[in-house]
Each structure stands twice: as C-alpha cells, then as structure tokens.
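Modelling step: build the complete structure from the supplied sequences, incorporating the hints.
Chains as they are written, first to last, in the numbering used here: chain Z, 1 to 273; chain U, 1 to 271.
Treat the hints as calculated values from the structure; they're not laboratory data. What you are looking at is a predicted structure, and each value in this text was computed from that prediction instead of being measured. Heads up, the beta-carbon is just placed ideally off N, CA and C, and yes, glycines get one too. Keep in mind that a hint or two might mislead.
Listing some non-contacts, in silico: residues in chain U with all C-beta distances to chain Z over 12 Å [to be verified]:
hint, residue
1, ARG62
2, SER70
3, GLN82
4, ALA121
5, GLY138
6, THR140
7, ASP186
8, LEU202
9, LEU244
10, ARG263
Residues from chain U shown here face chain Z by an in silico Cβ test under 8 Å; the list is partial [unchecked claim]:
hint, residue
11, ALA27
12, THR30
13, PHE216
14, VAL239
So you can see what is in the structure, the chains are spelled out below.
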Amino acid sequence: MTAAPATHVGSAAGRPARTRRPRLPYPVWVKGSTALVIFALWELFTHVFAPHYVARPTRVAAVIPEVVTSSEFLAALSGTVVPIVQGMVVAVVLGTVVGLAMGQVRWIDRSLKIYVYGLFALPMVAVLPLVTMWFGYTEGARLAIIVFAAFFPMALSMYDGSRSVSRDYLEVASSFRAGRLAVWFGVVLPASLPYVLAGFRLAAGRALIAAVVAEYLIGIEGLGFYILLNARSFRHNEAFVAVLALALFGILTLFLARWATRRWCPWYRQGAG
Amino acid sequence: MTTTTPTLGPAPAPAAARPVRRRRSSALLTYGASLLAGAAIWELAGHLIDPVFLVPFTDTVRRLGELVASGELPTALLASAQVFGAGLIIAVLVGLPAGLLLARVRFLRVGLEDWITGLYAMPMVALIPFILAIFGFGFTPKVIVVFLFAVFPVIITVYEGASSIPARHIEVARSFRARERHLWRDVVIPYTIPFAMTGIRLAIARALVGMIAAEFFLAVSGLGELILITSRRFDTAAVFATILVVCILGVLLLALGHALERRFAAWRGPS
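And the structure:
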C-alpha cells in the first residue's frame, strides 16, 4: 500500500531520476488472482443480470478450439489481417517519405502541413461513407480506408522526427558534401527511427479500427463482419473469440514496435505504454 | 518547450531554437496560399469529375450554408456534442483517479497493468455489436462507446506520469512525515497534472472517433447520421460539407488539447 515507486537506484549516475516502469519482483500470484477475480466477477454478473446469450468467460473458453479451427474464422482472420498488412506497407512507405520531406524542406512543410494536420484530426470513420461512394461496397474501399487511417499518423510522426534531427548531423553530412538523398535516407531517416516506430504503433492501431469499421459498414469478410454476424445471431461467445483475436493483433503490433525500438534504437529511452 | 508535438510519439528531442517572430508572418502567408491552392484544386477537380464522386468547393460551401439554414447541421452538432461531452467527461473523471491508484497501489498496478495495456491496444469498435445487443438503442450505449474509446489513454498517461515521480520528491515528503494522503495532495497530483493533460488530449481525439462510430453503428444520430443518410442519397455535396465540419471540429478539439497541454507543460519543469 505504501510502496513508493521503486527506482533504479544504481542508475542514478548523472541521469535524471525519471525512471520508467519500476521493476518489481514479479509477483505471479497477484496477476493470477486478479485475473481470477475479474473472470469470476464477469461470470457472476452475466449469470445474474445479463441475458443468457451474453458472452461469459467459461463459455468463451469452451468455444475457442471449435472457432479457431473453423474455416469461417480463419477466412475472416486472413480477410482482416492481409489488407491491414498491405495498407500498412503503403502507408508506412508513403508516410515516411512525405513526413521526411515535410521536415526537411520548408515549402513542402508549409504547403502540406495544414492538410496533413487537418486530415490527421479527422476521424477516418467519418470518411467511410464517402469512400464507399467512391469504391463501392468492396474490399478496395476497406484497403483505401486503412491506408487513409494509417498514413497521417505515420507522416506526422515522421515529420516530428525529421524536424528534431540534430543540426550537427546535418552539418557534418553537408560538410562531407553529401547529396540530398544521402542526407535524407542516410542521416535523417536513421536518426528519426524512434519516431517511425512510434508512428507505426499509432498507425497500426488506427488501421485496425479502420478495418473493423469498414467491415461493419461494407459487410465484407473479415473479423469485424464475423463479430457483427455472430453478435446479431446471439452467438456472443463465438463473436468474442474474434474480439480476442483483434486484441491479440493489437498487442502484437505494440510489442513489435517496442521490440524494434529496443533492437534498433538502443540509444533511445522509450516510454512504457 | 517542444513538448507539444501533435502525435503520440516519443518525447521529442529539443529542437534547435529558431527565430520565431520573424517567420510567423511569412508562415501565415504561405499557409493562406496553401489553403487557397487547395480550394482551387478542389474546385477545378470538382468540375472535371463526376459530381457523384466529387463536388466543387463552392457547391460544398453552398450546401453547407443550406444545412445550417435548415437547422439540420446545428441539430446534429448538438446531438453529437452531448454524446461526445458525456462520454469524455466520464472518461476523464474515471481515468484520473484510476491512473493515480494504479501508480500508487502496488497490487493494483501489478494485477491490472497487463489488462490495461491490452485493452488500450485493442480496437474498441469490436465491442460495439455487444454493446448494441446488451444496451440496445438510445443515448447511454453511445456514451459507453465514447467512454471506452477515451478512458484508456487517460489512465495510462496518468499512471505513467505518477509512476515517474522522482524518488527524491517522495523521500523528502516522507522525511517530513507526510502521510499517503498528503503525499497525494502535495506531490503526486501536482506532478501528474501535465501528464493528465496529455492523456486528455489523446482522449479527445479518440472520443471523436468513438462518437462517429457510435453514431454510425448504434442508434444513428448526430453528425454520423447526417453523413450516413446523405451518402445513401448520393448527396455528395452534403457529405463533403458534413465531413468538412467534422474535420474542423477535430482540428479545433486537437488545438484545444494542445492548448491545455501547453498551459500545464510549464508545470513539468526540468526533469
């Protein structure tokens, strides 16, 4: 109860003491019992208050093997994951280049900033009906909305990164007569890699939301549509397995970004979360 | 202070100081030119492309005027604002104490941090069909959706802020025999406020997404309804006009979030 956040006492040498998530001795029983309490409360509440079809932990767990091996679920899984990966590749490449150019070239910055910023602030869900008018109720519309959702956080994050590159690096590069492309992709891009990864994390989250929302509205095969269909036919336990799959996908991208930051940007102290 | 970058990025490195004042007027000029050029391109493209896909800028503005005059847009805006406001306020009221408790109470932190990280990474839209089935149509389920979208960034940033308090601050307070209650009042809460503002900024952005999603997929209402209905009628001008309004709303709310963050960033002091 009174435990002050433990800090890295040993690492106090010169470094500011704003240490991140304290390393506690790993009390597995606390995690385990919290999980048990949560599941028990959930089970109890749904048992007492909710209609019988509402998802319960025991029933969800019971249907997992059946659902995970069913062909509909697998089709839905690939239906969502494949376009997200495709859209992310497009958005990451385009967003990185545009953000980099904006951070390095003043007129590009000035002419695009309003639009990138404005469209970043616009929830992509709102654009979805427009996209369906353009692409029809097709998978192309889903891909388009994924790219749209992921591009702007990517570009904006890269823009921050490429602006914050130390002047010294750029001066050294130019004193060695490095060309513009060499500076951009040899100096600025590696130096702002943490921003690329932070942008990736944000973009992946948005892409996931976009894909699910698109499937709801358009009604094409995917995890979102799988959830919608099963929830409508009162098969909440089956639908919840798809929710777990989506959560897992979100957590995986989070860990991927964290791991990559540690692996490739060891100089960069990253925040938790 | 360079802590006001627009994304949920890593804390930005201190940028080289620039002469700000002199550039401001030229920046405004180029931004104006950029807006004008954008409007001109939109106008031109609108005349060339099939009006079902894209309507010229001027037609969009005219339709916007009609929507305002007919009262459709103000009504929708009000309905949306209620959902947004209620959800966001509840999210902040729940998120702030939850984040603080998480940072200060060890067994809660250990027990719940994985859950919260997981829920933060999970797309909340996936829960909408369940919310629809359980809570039905109406105002409350929409507020629940906005709440779910907005609460986790608040919890997580507050938690991170409160658990990054330098140990020496707490030690000093303790050596003056501060109890946990005093520690909260004089150290934990003041130290965490700037972080909470960052969380609120993130929550605002997410709440807006949640609001539109709730209005699309639960009982249709507000701005979401306006977009959905006009798109089904192929009233492209109205779709563009409403999206423009949502976009401006998003920019204004984001600016508000940044202003809040900047206002309290001075508090953060040298870390």
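| Of the hints stated earlier, which fail here? | 4, 8 and 9
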